[in-house]
Amino acid sequence: MKRVSIYQATAAVFAAITAISAQAADRRYPVAYVKKIEINEPSGRTVWENKDFLDCDDVVLTEEDVRYALLHMRRVSWNAYDPEKTETTGCEGGALITFKNERILAIGIEPNGRTLALEYDAKMKLTGSPTSFYECSPCRDRKMAFLKDALYRADERRLKKLVAEGQLSASEAELRLKRARDERDKP
1200 MKRVSIYQAT
1210 AAVFAAITAI
1220 SAQAADRRYP
1230 VAYVKKIEIN
1240 EPSGRTVWEN
1250 KDFLDCDDVV
1260 LTEEDVRYAL
1270 LHMRRVSWNA
1280 YDPEKTETTG
1290 CEGGALITFK
1300 NERILAIGIE
1310 PNGRTLALEY
1320 DAKMKLTGSP
1330 TSFYECSPCR
1340 DRKMAFLKDA
1350 LYRADERRLK
1360 KLVAEGQLSA
1370 SEAELRLKRA
1380 RDERDKP
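For the sequence shown, the numbering used here assigns the number 1200 to the initial residue and increments by one for each residue that follows.
Since the hints were made in silico from the structure, they are not lab data. Hints should not be assumed to be uniformly reliable.
[As the list claims (entries may be wrong)] In silico BS3-like pairs for lysine-lysine, Cα to Cα no more than 27 Å straight-line:
id: 1; residue 1: K1359; residue 2: K1324
id: 2; residue 1: K1234; residue 2: K1299
id: 3; residue 1: K1299; residue 2: K1324
id: 4; residue 1: K1250; residue 2: K1377
id: 5; residue 1: K1385; residue 2: K1250
id: 6; residue 1: K1322; residue 2: K1250
id: 7; residue 1: K1377; residue 2: K1235
id: 8; residue 1: K1385; residue 2: K1360
id: 9; residue 1: K1235; residue 2: K1359
id: 10; residue 1: K1299; residue 2: K1250
id: 11; residue 1: K1322; residue 2: K1347
Everything numeric in this text was worked out from a predicted model, so none of it was measured.
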């Protein structure tokens, strides 16, 4: 059996702690210090909106969504966030979060968990902090589960359009719709 030195064991534990903390929510924005959440844009569209995937009118950002995001969002680089290189819904809700220290965070959250944040002082002047980009997988799973009906309607719109254009028969559209719903309903 191979012997492990105390230094190797310590290094392994340190590496594990570093990996875990890299996945932790941003400590600069603790939910416990939130004073007020103001939803200033419950539902908005970006240039990437695709109604065949999701109609932004079906997506509404709530205070609960914002709190959930603060608990679970993980900071990512611009390259990991870049809408031209990653999956985006084209829908986004916005909120202003005021913390007890009067710092204000302007946040935009997509239903798929992509989040953009800007930090302001109490007088709404940008702080020296750069724009932050976040990803929140638990947020995506939670919100997309709420949006199942909206996703079903988008599937129906997309398939009706294909039938109207003659690219698909009505019976094939029905089969595809059933298959899409069955896939989405899998646990």
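Legend entry - Restraint status (C-alpha distance of K1235 to K1359 at most 27 Å): violated, 44 Å
Legend entry - 27 Å limit on alpha-carbon distance, applied to hinted pair K1377 and K1235: violated, 43 Å
Legend entry - Hint consistency between K1322 and K1347 [alpha-carbon to alpha-carbon, up to 27 Å]: Cα-Cα ~40 Å, so violated.
Legend entry - Distance restraint between K1299 and K1324, which requires alpha-carbon spacing of 27 Å or less: holds, 17 Å
Legend entry - Restraint check for K1299 with K1250, where alpha carbons must lie at most 27 Å apart: Not OK: K1299 and K1250 at ~39 Å, beyond 27 Å, violated.
Legend entry - Distance restraint between K1385 and K1360, which requires alpha-carbon spacing of 27 Å or less: holds, 26 Å
Legend entry - Pair hint K1250 and K1377, alpha-carbon separation not exceeding 27 Å: holds, 19 Å
Legend entry - Pair hint outcome, K1385 versus K1250 [Cα-Cα no greater than 27 Å]: Distance of about 23 Å is within 27 Å: holds.
Inset, instruction - Assess, step by step, whether the Cα of K1322 is no farther than 27 Å from the Cα of K1250, and give holds or violated. - result: violated, 38 Å
Inset, instruction - Take the C-alpha atoms of K1359 and K1324, compute the straight-line distance between them, and say whether it is at most 27 Å. - result: Violated: K1359 and K1324 sit about 48 Å apart, past 27 Å.
Inset, instruction - Could you grab the alpha-carbon distance between K1234 and K1299 and see if it respects the 27 Å cut-off? - result: holds, 5 Å
In summary, the structure is inconsistent with hints 1, 6, 7, 9, 10 and 11 from the numbered list given earlier, while agreeing with the others.
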